[in-house]
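What follows is each chain in one-letter form.
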Amino acid sequence: MTYSKLTGLSLAAALVFSTGTALAQEHQPLADVHIHYSHDAWEIFPPKKAIAILNEAGLKYAFVSSSSDDGTQMLYAEAPDLIVPVLRPYRRRGELSTWMHDPTRLESLKSRLAKNTYAGIGEFHAYGDDIETDVLQGVIALADQYELFLHAHSDAEAIHLIFKHDPDARVLWAHSGFEDPEAVADMLRTYPRLWSDLAFRSDQAYDGEVSSDWRALFEEFPARIMIGTDTYTPERWPYVTTHAEWTREWLADLPKELAENIAWKNAERLLKAR
Amino acid sequence: MKSWTSFSLILTFCGFLIQSALAEEKVSFSDSELALIRSHGPWPVPTNPDPSNRFSGSEEAIRWGEQLFNDTRLSGEGNLSCASCHQQELSFSDGLTRSTGTTKVDRNTIALANLRLNRWFGWAGRSDTLWAQSIHPLLDSREMNATAHIIADRVINYEDLKANYQALIGINPLSESPENLMVNIAKILAAFQETIQTPPSKFDQLRRAVTDGASIETNQAIVRGLKLFVGRGKCSLCHFGPNFTNGEFHDIGLPYFLDNGEVDTGRYGGIELLRKSPYNRAGAYSDEPIQSAENNPSYFMRLQHRNWGEFRVPSLRNVSKTAPYMHNGTLKTLEDVVHHYSTVDIERLHADGETILQPLNLTDQEVEDLVAFLETL
Chain A
1 MTYSKLTGLS
11 LAAALVFSTG
21 TALAQEHQPL
31 ADVHIHYSHD
41 AWEIFPPKKA
51 IAILNEAGLK
61 YAFVSSSSDD
71 GTQMLYAEAP
81 DLIVPVLRPY
91 RRRGELSTWM
101 HDPTRLESLK
111 SRLAKNTYAG
121 IGEFHAYGDD
131 IETDVLQGVI
141 ALADQYELFL
151 HAHSDAEAIH
161 LIFKHDPDAR
171 VLWAHSGFED
181 PEAVADMLRT
191 YPRLWSDLAF
201 RSDQAYDGEV
211 SSDWRALFEE
221 FPARIMIGTD
231 TYTPERWPYV
241 TTHAEWTREW
251 LADLPKELAE
261 NIAWKNAERL
271 LKAR
Chain B
1 MKSWTSFSLI
11 LTFCGFLIQS
21 ALAEEKVSFS
31 DSELALIRSH
41 GPWPVPTNPD
51 PSNRFSGSEE
61 AIRWGEQLFN
71 DTRLSGEGNL
81 SCASCHQQEL
91 SFSDGLTRST
101 GTTKVDRNTI
111 ALANLRLNRW
121 FGWAGRSDTL
131 WAQSIHPLLD
141 SREMNATAHI
151 IADRVINYED
161 LKANYQALIG
171 INPLSESPEN
181 LMVNIAKILA
191 AFQETIQTPP
201 SKFDQLRRAV
211 TDGASIETNQ
221 AIVRGLKLFV
231 GRGKCSLCHF
241 GPNFTNGEFH
251 DIGLPYFLDN
261 GEVDTGRYGG
271 IELLRKSPYN
281 RAGAYSDEPI
291 QSAENNPSYF
301 MRLQHRNWGE
311 FRVPSLRNVS
321 KTAPYMHNGT
331 LKTLEDVVHH
341 YSTVDIERLH
351 ADGETILQPL
361 NLTDQEVEDL
371 VAFLETL
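Respectively, the protein sequence lines represent chains A and B. Its first residue numbered 1, the first sequence is counted upward by one per residue in our numbering. Its first residue numbered 1, the second sequence is counted upward by one per residue in our numbering.
No lab work stands behind these hints: they were computed from the structure. Note that beta-carbon positions come from the ideal geometry of N, C-alpha and C, so glycine has one too.
Derived Cβ-Cβ restraints for the label pairs, each shown as a range: (1) B:ASN361 to A:ASP207: 38 to 46 Å; (2) B:GLN220 to A:GLY208: 54 to 62 Å; (3) A:ASP207 to B:THR102: 33 to 41 Å; (4) A:THR104 to B:THR343: 24 to 32 Å; (5) A:GLY208 to B:ALA284: 18 to 26 Å; (6) A:ASP207 to B:ALA284: 19 to 27 Å; (7) B:THR102 to A:PRO255: 49 to 57 Å; (8) B:ARG63 to A:ASP253: 46 to 54 Å; (9) B:VAL27 to A:THR104: 39 to 47 Å; (10) A:SER212 to B:LYS162: 53 to 61 Å; (11) A:ARG269 to B:THR102: 53 to 61 Å; (12) B:GLU335 to A:ASP213: 41 to 49 Å.
Please construct the entire structure, taking both the sequences and the accompanying hints into account.
Now the structure itself:
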């Protein structure tokens with residue numbers, strides 16, 4: 001079942017969605033597109049507590065994936081208007097460098113996709129010709145079949161290969177490959193269906209001031225950039241709020257429309273693009 | 001130099017007791033390994049006085065600083081001194097998992113030694129001078145629980161303190177603001193702490209032997225451990241130089257939740273506190289000319305996401321005597337520390353973050369060897 005089919009109404013509702021807290025209303029709403037809620041996180045922050053953190057951060061959307069996927073499902077059940085479920089191919093976090101050689105991962109993805117609602121597949125780790133493995137090829141095909149975006153923690157070579165195999169894929173490039181803004185811009189120019197995720201990057205701004213090279217990228221691609229925290233350990237969950245405050249600081253250095261795009265509108269654009 | 005003479009004698013004596021000669025060892029070192037070994041000395045490293053502390057290096061300040069370090073009158077309730085946690089007989093640490101002042105705090109007591117080589121102080125680097133770092137335990141309600149006013153009152157009302165202050169600072173403490181007085185006391189404390197140095201160790205003899213062909217007797221386990229340290233273990237990448245630390249902060253995959261369920265933000269919080277602190281090196285209380293202070297590294301540091309949960313890379317000098325280990329004291333022995341790196345959970349590290357760290361998968365013998373080497377430091 002695709003995310004768009006099930007949650008078209010939810011998304012529409014979410015356009016006017018308020019987190020319900022006074023704090024959130026005072027701030028620029030954000031779509032945090034890089035949240036993980038894995039087994040060790042949900043043990044410490046059960047769903048209600050986790051949702052409270054996301055609301056405190058003033059999030060409009062949280063793109064969540066987890067190892068295993070059970071965490072994502074728990075959060076989605078708790079707050080379907082806030083959580084954008086993304087299907088991660090890992091049972092536990094320890095599989096990020098081996099999963100592409102494990103055919104059972106593909107079967108697991110198929111089973112989950114048949115049963116649950118997702119907007120994307122990822123965040124997965126794949127570099128270079130990892131994309132040529134049967135598992136990754138299967139993932140790309142599943143994304144096409146279910147109209148899902150791919151959240152890829154990848155180098156540029158892997159991104160090239162994804163689009164070589166499926167030019168119509170929608171790809172959210174995690175951390176934008178930790179490339180410099182010029183290299184990110186090159187990739188965005190080359191692939192109109194590539195979106196940039198800035199999670200775990202600190203170089204775009206300092207003390208609330210956006211650097212000139214990043215500003216140039218944002219201005220050239222106002223509809224393609226998104227922000228994210230990356231809660232890769234449970235201890236990172238309390239950082240979602242801190243990260244949101246930091247993000248708002250540098251977004252305030254941008255023109256209002258551009259800031260809103262990066263803050264949350266581009267996340268909607270990714271979800272609506274087909 | 002304080003307190004280390006006896007350790008030094010013991011180490012030297014042990015060195016002569018160790019059995020097999022280096023010349024008989026089967027271990028060989030590559031050129032790059034030899035260069036790394038060479039880079040861990042010579043020791044001690046010459047240091048200059050702290051430009052932010054006008055009392056740094058003053059014999060009078062050092063003498064009074066040592067007395068103040070042991071003086072409980074600087075604490076709120078008059079029952080705790082710096083030495084309550086930084087105990088000389090325990091290498092200026094306390095042997096506890098986490099420090100306990102008026103109550104238990106969140107972090108392990110850092111052993112005090114070779115502090116003049118530090119760029120930042122404390123597990124989170126919340127201070128860029130030793131005197132500023134010395135203020136924190138004085139004021140922390142969980143540690144010595146004093147205030148600037150309490151410290152000023154004590155200095156003013158105890159004749160010996162008042163006389164020493166006037167003699168050394170040259171100002172009647174009655175005419176000082178409590179803040180100024182407290183900062184001066186902290187600078188005197190720092191002047192003493194700067195003198196706490198570890199003496200040349202068995203490693204320093206070994207280094208000369210390995211790199212310069214000097215004569216030494218040691219055992220194979222230590223030499224094998226040294227090779228692991230500079231070779232496959234890549235320990236030297238962070239624990240580098242004569243003081244065995246890069247002076248920076250890293251995430252090594254240890255949990256950093258606090259007892260109350262909140263997070264010890266580590267270096268992230270340290271940077272935030274340092275930037276706000278009136279006591280930083282470029283601040284009004286510093287004795288350093290502003291042109292110089294503005295060129296110090298802390299002036300250029302940038303807060304980054306990776307700083308969340310990073311903690312100091314401690315010096316390994318004298319490490320065998322400063323258990324337990326890590327910012328929260330959760331690793332009880334050096335064996336535990338080596339096991340941690342041998343089996344480090346890289347899933348707790350960001351995929352593009354601490355890429356240096358990979359599980360070493362050491363054998364039991366290799367763990368023993370690495371520990372044997374660490375014990376020479």
